[in-house]
Amino acid sequence: MNYPTPFLRRRAIGRMLPAFLAWLGAGAASAQQLSAPPDVPPVGDFVRHIKTAEKEQLQTAIVRYLKNGVLVDLVAVVHVADPNYFDTLNEQLKPYDAVLYELVGGAFQGREEREVADPAVEQIHAAQGLVQSLLGMEYQTDGIDYSAPNFIHADVDWDQYSRLMTSRNQSIATIFQRALAQAQEGKIAGLPVDDESSTAFLNNLMAALTQGDTGSLKRSIAPFLAESESFIKQLEGDDGTVLVTERNKVVMRKLTAEINRGHRNLAVFFGAGHMPDLEQRLIEEGFQRERGVWVPAWEIVDTPPEKRVNLFQQLLSNPEVTQTLMSTMQEIMKQLDQPAVAP
Numbered sequence: 316m317n318y319p320t321p322f323l324r325r326r327a328i329g330r331m332l333p334a335f336l337a338w339l340g341a342g343a344a345s346a347q348q349l350s351a352p353p354d355v356p357p358v359g360d361f362v363r364h365i366k367t368a369e370k371e372q373l374q375t376a377i378v379r380y381l382k383n384g385v386l387v388d389l390v391a392v393v394h395v396a397d398p399n400y401f402d403t404l405n406e407q408l409k410p411y412d413a414v415l416y417e418l419v420g421g422a423f424q425g426r427e428e429r430e431v432a433d434p435a436v437e438q439i440h441a442a443q444g445l446v447q448s449l450l451g452m453e454y455q456t457d458g459i460d461y462s463a464p465n466f467i468h469a470d471v472d473w474d475q476y477s478r479l480m481t482s483r484n485q486s487i488a489t490i491f492q493r494a495l496a497q498a499q500e501g502k503i504a505g506l507p508v509d510d511e512s513s514t515a516f517l518n519n520l521m522a523a524l525t526q527g528d529t530g531s532l533k534r535s536i537a538p539f540l541a542e543s544e545s546f547i548k549q550l551e552g553d554d555g556t557v558l559v560t561e562r563n564k565v566v567m568r569k570l571t572a573e574i575n576r577g578h579r580n581l582a583v584f585f586g587a588g589h590m591p592d593l594e595q596r597l598i599e600e601g602f603q604r605e606r607g608v609w610v611p612a613w614e615i616v617d618t619p620p621e622k623r624v625n626l627f628q629q630l631l632s633n634p635e636v637t638q639t640l641m642s643t644m645q646e647i648m649k650q651l652d653q654p655a656v657a658p
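Offset between the sequence shown (1-based) and our numbering: plus 315.
For the record, the hints were derived by calculation from the structure and aren't laboratory data.
Some hints here could point you the wrong way.
Keeping only pairs whose Cα atoms sit at most 25 Å apart, straight-line, the calculated PhoX-like set for lysine-lysine is [said to hold, decoys possible]: (1) Lys382 - Lys569; (2) Lys409 - Lys382; (3) Lys382 - Lys564; (4) Lys370 - Lys622; (5) Lys409 - Lys569; (6) Lys622 - Lys366.
Kindly produce the complete structure, drawing on both the sequences and the hints.
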């Protein structure tokens, strides 16, 4: 997919930026009851953006499934959120027999060790760090207690990841290209589909940055995060990807193994984008969907004028952030110049 002019490149980036932000972006049956409010999560819905007269929030879902005395909760998460969101999840996850968690590369370890294992992770961490800095929030691996005794790694290690990527002829670059192609064709719900909406999104984003209003910044991004499930479903296509399909197969095998070990009260703690596929897999295995609740991940409120700073200037005054931003943009431009990949 080649973009011969700067204008076309800018237009492609404008349409893809919301998808990039969306990607960065998710107890015992007797002792831990989930109260079900009237607005229970619909089937296949694990993240949403709500706005009422009283509040505006980005929320994730916890949904319960039962089969022959076995309880499985799908606990969806967004990777960057308000600190008290992760505090809430830490408490919610304590009573389970087993919490199956996602983390490509192996059991939880420090960020530095993961970056040494796969240099590409450094770019992902850098991009997530930018979003974290802009929004004044916390990253999942900093807020979640992965040392909890019931936490069990249920994801691919680096060797598995590499083999699966090779066998499917996939990479982060090819997946990015697929997403870009679909965004350009207007196939991804929630993304800008024309120059006017792309320009409006970028203008709102820049205004929030220069005015130092993190509330407006969250408000610009939240609707796209709320569409991340649709984005990932489109990205998966009929053949799926290693990032979701193959990793979900791994967690399902681990879930079966833990049930066979005698655990009857389990949680699957993965990003919200994984959950529609995992829900379908559970239902196909005979689990009955029970009920669910919404958990606030972002409280979206306007920043008081006296607390506002020019976030754009603040970012660019940090040499490390500037280098990360330039490297990320260079990588995006490089991908735009690569040959097209079939969606």
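Outcome of the hint check:
1. Distance restraint check for lysine 382 and lysine 569: the Cα-Cα separation of roughly 17 Å lies within the 25 Å cut-off, and the hinted pair is therefore satisfied.
2. Taking the CA atoms of lysine 409 and lysine 382, the gap is near 22 Å; set against the 25 Å cutoff, the hint holds.
3. Between lysine 382 and lysine 564 the CA atoms are separated by roughly 19 Å; this keeps the pair inside 25 Å, and the hint holds.
4. For the proposed pair lysine 370 and lysine 622, the alpha carbon gap of about 21 Å is at most 25 Å, so the pair holds.
5. For the hint linking lysine 409 to lysine 569, the alpha-carbon distance of about 19 Å falls within 25 Å, and the restraint holds.
6. Note on lysine 622 and lysine 366: the hinted pairing holds, with a Cα-Cα distance of about 23 Å set against a maximum of 25 Å.
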